[in-house]
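Number of protein chains: 2
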Amino acid sequence: MVNYPNGKKTLIKQGIKEPHFQRGANLEDDLNQTNQYYLDLNRANIHKKPTPITVVKVDYPSRNKACIREAYYKIPSTTDYNGVYRGIAIDFEAKETKSLTAFPLKNIHPHQLQHMRSVEHHGGLSFLILRFVAYDETYLLYLKDFDRFLQNNDRKSIPYAWVKDNAYSIPFSLTPPVNYLNVIDTTFFKGASK
Amino acid sequence: MVNYPNGKKTLIKQGIKEPHFQRGANLEDDLNQTNQYYLDLNRANIHKKPTPITVVKVDYPSRNKACIREAYYKIPSTTDYNGVYRGIAIDFEAKETKSLTAFPLKNIHPHQLQHMRSVEHHGGLSFLILRFVAYDETYLLYLKDFDRFLQNNDRKSIPYAWVKDNAYSIPFSLTPPVNYLNVIDTTFFKGASK
Chain A
2 MVNYPNGKKT LIKQGIKEPH FQRGANLEDD LNQTNQYYLD LNRANIHKKP
52 TPITVVKVDY PSRNKACIRE AYYKIPSTTD YNGVYRGIAI DFEAKETKSL
102 TAFPLKNIHP HQLQHMRSVE HHGGLSFLIL RFVAYDETYL LYLKDFDRFL
152 QNNDRKSIPY AWVKDNAYSI PFSLTPPVNY LNVIDTTFFK GASK
Chain B
2 MVNYPNGKKT LIKQGIKEPH FQRGANLEDD LNQTNQYYLD LNRANIHKKP
52 TPITVVKVDY PSRNKACIRE AYYKIPSTTD YNGVYRGIAI DFEAKETKSL
102 TAFPLKNIHP HQLQHMRSVE HHGGLSFLIL RFVAYDETYL LYLKDFDRFL
152 QNNDRKSIPY AWVKDNAYSI PFSLTPPVNY LNVIDTTFFK GASK
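Sequence order for the protein chains is A and B. Per the numbering used here, residue 2 is the first one in the first sequence, and the count goes up by one each step. Per the numbering used here, residue 2 is the first one in the second sequence, and the count goes up by one each step.
No lab work stands behind these hints, which were simulated from the structure alone. In this text the structure is predicted, and so the values were computed from the model without any measurement. Beta carbons are placed, not taken as given, at the ideal position from N, Cα and C, and that holds for glycine. Be a bit skeptical, because a hint or two may be false.
[Stated by the list, open to error] Below, in silico cross-link-like pairs of lysine-lysine (PhoX-like), each with a Cα-Cα straight-line distance of 20 Å or less:
{"no.": "1", "chain 1": "B", "residue 1": "K50", "chain 2": "A", "residue 2": "K75"}
{"no.": "2", "chain 1": "B", "residue 1": "K75", "chain 2": "A", "residue 2": "K58"}
{"no.": "3", "chain 1": "A", "residue 1": "K75", "chain 2": "B", "residue 2": "K49"}
{"no.": "4", "chain 1": "A", "residue 1": "K58", "chain 2": "B", "residue 2": "K66"}
{"no.": "5", "chain 1": "B", "residue 1": "K58", "chain 2": "A", "residue 2": "K66"}
[As the list claims (entries may be wrong)] Covered stretches of chain B (in silico footprint by chain A; criterion: 3 or more residues with CB under 8 Å from a CB of chain A, positions within the stretch not fixed):
{"no.": "6", "segment": "39 to 53"}
{"no.": "7", "segment": "119 to 126"}
Using the sequences and the hints given, assemble the complete structure.
Given below as structure tokens:
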């Protein structure tokens with residue numbers, strides 16, 4: 002990377018594939034783009050929920066305009082994404098890690114896990130989308146597989162090797178960046194198992 | 002109502018049924034209580050989405066604390082409530098009106114209506130919960146019935162009488178206050194039609 006005087010960064014390419022993370026896209030942006038693409042194509046209706054905040058103080062500079070002057074982020078009690086696809090209620094959480102070796106479990110709050118189990122209990126489909134930034138690899142880990150890991154391990158993180166073996170790789174594409182519904186088509190709906 | 006010096010209000014009851022709206026509960030509070038009740042009983046997993054805001058300025062008074070100092074409310078592009086019940090993705094909007102004669106349609110944004118149609122296209126169930134505050138009456142109006150109204154009318158509001166005839170009354174109860182899943186059980190799942 003070279004820092005030019007105008008502050009913009011550019012990548013000197015020397016025939017090396019530009020890793021995805023160096024383009025500055027994060028998983029949330031990629032998923033928002035992907036979900037918008039699904040919506041535009043009428044393939045699914047899946048949205049990121051707004052970030053929950055507690056509003057403490059609101060000003061009204063004019064009659065129709067409210068300006069929030071003091072507010073705080075809340076810990077989410079559910080997952081970030083949900084919607085409907087092929088008649089199934091979809092519910093998932095997406096997280097990225099810079100670790101080379103494992104996905105830290107502290108990223109998933111206990112009430113989020115409880116929420117995901119509840120969704121499946123009522124007939125929805127719940128999963129995690131995990132990105133290892135260093136490898137530019139994104140995986141879909143079904144709740145049932147994640148729960149199997151938790152039942153058999155006391156670890157505070159999921160080893161990268163375990164993810165590679167038990168989650169489904171979501172290949173990167175341009176449109177959409179994270180085509181996770183293709184993975185759901187070929188695994189959940191076709192009943193394939195790993 | 003009598004205003005006592007300490008600022009608290011109380012209702013003088015003279016054998017008259019205390020109307021619900023006089024207790025100060027609004028539809029959103031009632032629905033949050035109802036959804037929590039469903040969650041506690043493991044009957045359904047339905048949540049209100051956080052209100053979407055655009056954050057402009059954030060202060061960090063300490064390393065782990067973020068204080069939002071400037072933010073604005075956004076117009077929601079989806080509905081307020083969604084989740085899963087009996088294997089079906091549930092998606093609805095809830096609104097109350099003080100009007101005695103009609104429910105004003107300006108309360109439902111065009112992109113919310115589009116969102117509700119999209120949810121049904123993908124196999125979910127979408128509806129409105131409407132409360133006429135003056136009568137303390139709450140109704141569940143299925144999207145298909147609402148769409149039928151829109152196709153046959155150019156009105157800017159739905160007459161109260163039409164709602165009474167075409168939506169399903171949700172009787173008030175204490176626990177939960179708005180038992181809309183009972184209505185869904187006896188109409189959607191049992192295939193009854195009005």
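Tested hints:
no., hint, result
1, B:K50 - A:K75, "holds, 13 Å"
2, B:K75 - A:K58, "holds, 17 Å"
3, A:K75 - B:K49, "holds, 15 Å"
4, A:K58 - B:K66, "holds, 17 Å"
5, B:K58 - A:K66, "holds, 17 Å"
6, 39 to 53, "holds (count 9)"
7, 119 to 126, "holds (count 6)"
Comparing the model with each earlier hint shows no violations; every hint is respected.
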